[in-house]
Amino acid sequence: MKSIKTMWKHVRRSPYQALAAILIMSLTFLSISFFSFVIFGSSRVISYFESKPQVTAFFKEDATQENIDGLADAVKQSGKVASVKFVSKQEALELYKRQNQDDPLLLDLVTEDILPASLEIATTRIEDLNDVSTQLQQSPFVSEVVYQKDVVDTLSSWIGALRKIGLVLTILLATVSVFIMVIIIGFKISQKKDEIEVMRLLSATKWYVRWPFLLEGIFYGVIGALIGWVISTGTLLYATPLLESFLKGIPLLPVSPLFLIVLLVAELVLAVILGAFSSFLAVLRYLK
Amino acid sequence: MIQLVEVTKTFGTGSSGIENVSLSIDRGEFVFLVGPSGSGKTTLLRLLIRDMVPTKGLISVNNVNIGNLPSDKIPHLRKQIGVVFQDLKMLTDRTIFENILLPLEMAGISDNEAKKKAEDIMSQVGILDHAHKFPVQLSGGELQRAAIARALVFSPDILLADEPTGNLDNTTSWEIIKILQDINKAGTTVLMATHNMDVVVSLNKRTVTLEKGKIAQDTKKPVKSEKEEKEGKEHSEKKHHEEKKEPEGEAEVKKEDESK
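If you read the sequences in order, they're chains A and B. Going by this note's numbering, 99 is the number at position 99 of the first sequence; the sequence numbering is gapless. Each position in the second sequence, counted from 1, maps to that position plus 1000 in this note's numbering.
None of these hints come from the bench; they were simulated from the model. All values reported here derive from a predicted model rather than from experimental measurement. It is possible that some hints are incorrect.
[What the hints assert, rightly or not] With a straight-line Cα cutoff of 20 Å, these simulated SDA-like cross-link-like pairs (lysine to any residue) come out:
(1) Lys193(A) x Met1052(B)
(2) Lys5(A) x Asp1111(B)
(3) Lys2(A) x Arg1094(B)
(4) Lys1178(B) x Gly1126(B)
Hey, can you work out the whole structure from these sequences and the hints?
Put into structure tokens, the structure is as follows:
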């Protein structure tokens, strides 16, 4: 309790240093929050694409139902397929009509005969997409294989890059925060050198002197994490309607409150660790 | 109680703080430590609170060798030894009351108990009225009393006072000496480093003289003969008359000495 009081006195007596420490921590946790959203969101987007029928094989006019079923069975046996759906000519027309209901001209141009029957196949892993596609292309009854390989590949590479950037940026910001906190707390220790010397001569234990500085680091970390989380979550909630229209069809938003709470708890834990670690480094360096 | 056996403290520069000092102080003694500046008085006091480690020799306090005391035991040693520092070491951003409360807070004593103890000790040394003033608002004598109060909060076995009358006028010096004598009478061993030979001569206590880090003289018995003591008192009285005011503290000290 005494240590908390002393810590609070330290914070109040040098508000600009406290502000600087809180700002750098907020920035770090803001970055951590945003990249957590990106990583979480991208995982959901990839899962969405992975669970969707990603390969569509269109059949030739002369392909019989027996040929189509045979190919579907062969693909299923590969063990790489999550689901196989047969879309008949009629169903294809219905789908086409639904998608273009606002454009009567397009509806007039297309009849059941034009649209081929097809198989919509979802793979269990996105990496298997290529193998399944090759298998389908080798069939003599298949006229064309269409799959979103390029889209998924591009998305995967972007997400991978974003994850790496996020990780590097977070590590960089966390390192910078630690150094800035060490400097700020070290400076405070130097300012209180005489007071600390008097305390020691008056029988203060090592930890009596150390605790307020350690708590100060934890305080800056926790406040920084709260600010970072509040700003990032606020921004996300504010932008949700816009993002929803952008990500039409992908069930990503609104973000689950459970995820936000878990993120807050994880950030608070990290804040305590970062704050305590920085202060401890400062204490070891300046309180010999 | 306090024992130094062939203690030497050499500084990094090669200069000697004290050299081959052997000294034994019994419980309840009042000992003056005198000598010119740089003779090693402060070094000796700092060695006794383990603010320094001796280069050579053995120092024991209450039969504990403090030379090789582990660092976590040092706070316990410092609770047994009250110190009035030469520069007082009062924290300027805290009130006198907070300064005196500090060691009690550090010891984890409950707020109420600590406050009561601090008030008692402030009342004992006569500075309770100044409790909520800051050090800059007090006179030298009042600050010295505050420093003594802080040194006494743990009711230590030993009180070390480094030049407690250093910057004080004669009247205030005697008031401080009176307080230290009262503390000594209550059973606390007092070791006082001083330049004030008037006080040393008048009080006629054991005096250890340091010169260039070595003990030049240790009067285990009173310094003066009865005749010299009488002359010393007359000298002091004359000096006070010159100031046209008899200091209360000194008068009481003399009265007590005369009654012995």
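Hint-by-hint comparison with the structure:
no.: 1; hint: Lys193(A) x Met1052(B); verdict: holds, 18 Å
no.: 2; hint: Lys5(A) x Asp1111(B); verdict: holds, 13 Å
no.: 3; hint: Lys2(A) x Arg1094(B); verdict: holds, 15 Å
no.: 4; hint: Lys1178(B) x Gly1126(B); verdict: holds, 12 Å
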